[in-house]
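**Q** Using the sequences and the hints given, assemble the complete structure.
Number of protein chains: 2
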Amino acid sequence: MEKIECDVLIIGGGPAGAVSAVTAKMNYPDKEILVIREYKEQLVPCAIPYIFGNTLGSTQKDLGSCGQAKEMGISTLIDKITDIAIKDKIAFSANKAIHFDKLIFATGSQPFVHESLQHALALNGVFTVSKHKNLIDKAKDYITDKEDIVIVGTGFIGIEMAMELANSDKNITIIGGSNHILKGAFDTEVAIEAEKILIESKVTFISNDRVCEIIDKNGDNIVNSVKLKSGKIIDTQVVILATGYKPNTQLAKKIGLHLGTYGGIWVDEYMRTCNHDIFAVGDCSSRRTFITKTASKVMLASTSSAEGRTAGSSLYGIKYIKGFSGTIAIFSTMIGDTAFSSAGVTQEEAIKSGMDIVVGTFSGMNRHPATIPDAQKQFVKLIATKHGGQIIGGQIIGGKETGEMINIIGLMIETKQTIYHVMSMQVSTQPMLTAAPTNYPIVMAAIMANKNIS
Amino acid sequence: MEKIECDVLIIGGGPAGAVSAVTAKMNYPDKEILVIREYKEQLVPCAIPYIFGNTLGSTQKDLGSCGQAKEMGISTLIDKITDIAIKDKIAFSANKAIHFDKLIFATGSQPFVHESLQHALALNGVFTVSKHKNLIDKAKDYITDKEDIVIVGTGFIGIEMAMELANSDKNITIIGGSNHILKGAFDTEVAIEAEKILIESKVTFISNDRVCEIIDKNGDNIVNSVKLKSGKIIDTQVVILATGYKPNTQLAKKIGLHLGTYGGIWVDEYMRTCNHDIFAVGDCSSRRTFITKTASKVMLASTSSAEGRTAGSSLYGIKYIKGFSGTIAIFSTMIGDTAFSSAGVTQEEAIKSGMDIVVGTFSGMNRHPATIPDAQKQFVKLIATKHGGQIIGGQIIGGKETGEMINIIGLMIETKQTIYHVMSMQVSTQPMLTAAPTNYPIVMAAIMANKNIS
Numbered sequence: 006m007e008k009i010e011c012d013v014l015i016i017g018g019g020p021a022g023a024v025s026a027v028t029a030k031m032n033y034p035d036k037e038i039l040v041i042r043e044y045k046e047q048l049v050p051c052a053i054p055y056i057f058g059n060t061l062g063s064t065q066k067d068l069g070s071c072g073q074a075k076e077m078g079i080s081t082l083i084d085k086i087t088d089i090a091i092k093d094k095i096a097f098s099a100n101k102a103i104h105f106d107k108l109i110f111a112t113g114s115q116p117f118v119h120e121s122l123q124h125a126l127a128l129n130g131v132f133t134v135s136k137h138k139n140l141i142d143k144a145k146d147y148i149t150d151k152e153d154i155v156i157v158g159t160g161f162i163g164i165e166m167a168m169e170l171a172n173s174d175k176n177i178t179i180i181g182g183s184n185h186i187l188k189g190a191f192d193t194e195v196a197i198e199a200e201k202i203l204i205e206s207k208v209t210f211i212s213n214d215r216v217c218e219i220i221d222k223n224g225d226n227i228v229n230s231v232k233l234k235s236g237k238i239i240d241t242q243v244v245i246l247a248t249g250y251k252p253n254t255q256l257a258k259k260i261g262l263h264l265g266t267y268g269g270i271w272v273d274e275y276m277r278t279c280n281h282d283i284f285a286v287g288d289c290s291s292r293r294t295f296i297t298k299t300a301s302k303v304m305l306a307s308t309s310s311a312e313g314r315t316a317g318s319s320l321y322g323i324k325y326i327k328g329f330s331g332t333i334a335i336f337s338t339m340i341g342d343t344a345f346s347s348a349g350v351t352q353e354e355a356i357k358s359g360m361d362i363v364v365g366t367f368s369g370m371n372r373h374p375a376t377i378p379d380a381q382k383q384f385v386k387l388i389a390t391k392h393g394g395q396i397i398g399g400q401i402i403g404g405k406e407t408g409e410m411i412n413i414i415g416l417m418i419e420t421k422q423t424i425y426h427v428m429s430m431q432v433s434t435q436p437m438l439t440a441a442p443t444n445y446p447i448v449m450a451a452i453m454a455n456k457n458i459s
Numbered sequence: 006m007e008k009i010e011c012d013v014l015i016i017g018g019g020p021a022g023a024v025s026a027v028t029a030k031m032n033y034p035d036k037e038i039l040v041i042r043e044y045k046e047q048l049v050p051c052a053i054p055y056i057f058g059n060t061l062g063s064t065q066k067d068l069g070s071c072g073q074a075k076e077m078g079i080s081t082l083i084d085k086i087t088d089i090a091i092k093d094k095i096a097f098s099a100n101k102a103i104h105f106d107k108l109i110f111a112t113g114s115q116p117f118v119h120e121s122l123q124h125a126l127a128l129n130g131v132f133t134v135s136k137h138k139n140l141i142d143k144a145k146d147y148i149t150d151k152e153d154i155v156i157v158g159t160g161f162i163g164i165e166m167a168m169e170l171a172n173s174d175k176n177i178t179i180i181g182g183s184n185h186i187l188k189g190a191f192d193t194e195v196a197i198e199a200e201k202i203l204i205e206s207k208v209t210f211i212s213n214d215r216v217c218e219i220i221d222k223n224g225d226n227i228v229n230s231v232k233l234k235s236g237k238i239i240d241t242q243v244v245i246l247a248t249g250y251k252p253n254t255q256l257a258k259k260i261g262l263h264l265g266t267y268g269g270i271w272v273d274e275y276m277r278t279c280n281h282d283i284f285a286v287g288d289c290s291s292r293r294t295f296i297t298k299t300a301s302k303v304m305l306a307s308t309s310s311a312e313g314r315t316a317g318s319s320l321y322g323i324k325y326i327k328g329f330s331g332t333i334a335i336f337s338t339m340i341g342d343t344a345f346s347s348a349g350v351t352q353e354e355a356i357k358s359g360m361d362i363v364v365g366t367f368s369g370m371n372r373h374p375a376t377i378p379d380a381q382k383q384f385v386k387l388i389a390t391k392h393g394g395q396i397i398g399g400q401i402i403g404g405k406e407t408g409e410m411i412n413i414i415g416l417m418i419e420t421k422q423t424i425y426h427v428m429s430m431q432v433s434t435q436p437m438l439t440a441a442p443t444n445y446p447i448v449m450a451a452i453m454a455n456k457n458i459s
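Chains as they are written, first to last, in our numbering: chain A, 6 to 459; chain B, 6 to 459.
Some hints could be false.
The list cannot tell twin chains apart, which means a pair is met if one copy fits it or any two copies do.
Listed next, the in silico BS3-like pairs over lysine-lysine satisfying Cα-Cα at most 30 Å (straight line) [to be verified]:
{"hint": "1", "residue 1": "94", "residue 2": "259"}
{"hint": "2", "residue 1": "45", "residue 2": "382"}
{"hint": "3", "residue 1": "357", "residue 2": "298"}
{"hint": "4", "residue 1": "421", "residue 2": "327"}
{"hint": "5", "residue 1": "30", "residue 2": "391"}
{"hint": "6", "residue 1": "8", "residue 2": "298"}
{"hint": "7", "residue 1": "421", "residue 2": "298"}
{"hint": "8", "residue 1": "45", "residue 2": "101"}
{"hint": "9", "residue 1": "259", "residue 2": "232"}
{"hint": "10", "residue 1": "201", "residue 2": "45"}
{"hint": "11", "residue 1": "456", "residue 2": "75"}
{"hint": "12", "residue 1": "85", "residue 2": "207"}
{"hint": "13", "residue 1": "391", "residue 2": "327"}
{"hint": "14", "residue 1": "258", "residue 2": "8"}
{"hint": "15", "residue 1": "324", "residue 2": "391"}
{"hint": "16", "residue 1": "421", "residue 2": "324"}
{"hint": "17", "residue 1": "85", "residue 2": "302"}
{"hint": "18", "residue 1": "298", "residue 2": "92"}
{"hint": "19", "residue 1": "101", "residue 2": "251"}
{"hint": "20", "residue 1": "382", "residue 2": "30"}
{"hint": "21", "residue 1": "85", "residue 2": "234"}
No lab work stands behind these hints, which were simulated from the structure alone. These figures come from a predicted structure and were not determined experimentally.
**A** Dropping the structure here:
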């Protein structure tokens, strides 16, 4: 068994692992950093849906670069860790013993499939949205000449897959267990706007239902329909299960690390596990929300990156006391030509959590005057505490600028700004780029929230 | 003489006046608010350059709406105030005496033309970039069939005019007194990128020079050339003077209000003049910068709006102690297909002000992976104090998202965030909308600034 030594061992090379490695090397340049990952080629996870249509069109166009790792002096090894001797600080692969001082779990997540449907994964034509290149290649090849596709799950990945495939003229049916799509990220009135675009794009949306059986009625191991809880049967050539992801924690569990509510590795605000020499970041870590401090299932590469930056700078003592105080869950996506984004809690979630809140909304245009050729409608909703006016959530519909506008609201939430500050905040406005200065929508939504308090 | 009574009289109906009126009505719904303005039709000021090319193409497409004023119960009068009796609280137009309790000056600004060139304004073919519809109509009509145009001034309006006219296949020469365009808003390396696009668009850029004579050599009152300080003579059919604006303060001066460094009406942080029943907002007010607290010539409708919101809520006592602490000068513009934006101080300005600073820059792409079809390069520069890491400035080059990204940096400056916070801030990233989570450029620039401190 080959013996390898390093100071910091990182298991996993996705966004969380990569950012942890780079951050660790910047903070501790003298330390030997080793990243172990299972596959040589890695997909950029968030762009996987765009492989299936014309936007990217192939996994080759969605390969993540190893970036600065090599030139920064970070070592990478393609291997799989199968066991760890915690006390001796040794991680084992099939033929290597890797001695470490600090260990970071960044083992990621894998598609979650409900127990009742797992056996159907053996059928031809049934796929999950995996993060492995070869599995995505296989799915993409299979789908290419098929017409009818059922997508199960109305989260971001499901919706992005549906739109991308609909744009390739396939017949898409998407099935969700809730009354609306993108539940959790958007309030009903925003989700309805997204659903309209889905329907305009000829996607069939079935709400409040779930697939209870995936069928190959000819017994030829090729899927040809799904049966829903409502009794409905939908003929299809392909079933894509986009029903969420679960943390990869077999190894962490094996070595006795404490796990959190949804099975992720329990960590404190510096991403330390119960053993302070062992950290966990990214989808494999246990998450809670920034506002309500309840367990969160949200998995975002952007959250993983913030966690990686916290872990990478906290390995040998606490350097920045900010730490990571829970996921704000800042999302954005394109549905057709319209972008939708969300940060913090929704109004519905806040009320369910028993929060005393106030809401302000504003509808305008994303250019000024509205006659600017590429002007689009823009809608902003802010959710704030009734007592103190602290901003705890926001949702935006608009053009592509929405993807960065939500980061303004994200920063407001993270830095605990109030509507009283935002009402007179200074912004840049420009005819070709933004709304009018007199009606800048985030400011206007704060003003409306204030009006609704009094 | 007709007698009119109101509680709050606002002189001027541009962005500053309009926002003051709406804010005042929301804060004091029982008060009678009257806005007096000189013209029935008003242009959206920031979009005036786009009237001259194909983007808007006419003043009709750049008319500001009176928005919510009427339905909110705000009165508007088309008239011109010529005198004010401060003690009696009466404003006079030619045939009206308007009694008020509180008065807001929002009289705006007008093109500034150097004394030595003012007589040339009488020539056919010489124009300023006025905010009056009829003057802009006249200029636009005149220019339509002309080919050769000289633009004097390399600020935002000059550059936007140059690009818009260059896109209409006119021969544009733009002349600036500095070594680079957009001086004050951008550091040299950023300005150079903007200049490259200008030159690619076939605009001739003459730096470090100035027009000392505007000539009609045939004595026919039609301009045909300009003479520069360097001795160079440029033949031209049209001269557009985009050499800044000066505050409209004749009336304020007449009634004895105190004026500031660059001639604007002196105001405190609640936009009160030396007389606490009289306020001034927008371009007619005297401004200082948010960071260095020095007098500022920056005129932006977005700044005016923030001032209007402060004045409108402070008329009958101080409601929000935030006030307005100086202009952050958050700019953005499009040059070709690239957006440029800036907030706070530049590196050059900070050094000139004797500040001990650190800078961090990052170059990446505005989509991820970079194979996303509309991906563009993105560059972010952050300027922070060396001691404490407080963010005091930023500049961005990128796609249209730049217009909102700079508002993230603006908020950081306004709320006094440090690079230590930003290094691990949570953001939303999405392939079609933003940079990669692992390389989100504002975060990366903060990380690089931190690296440059240590």
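**Q** Any hints from earlier that this structure breaks? Give me their numbers in increasing order, please.
**A** Numbers 6, 9, 10, 12, 18 and 21, in rising order.
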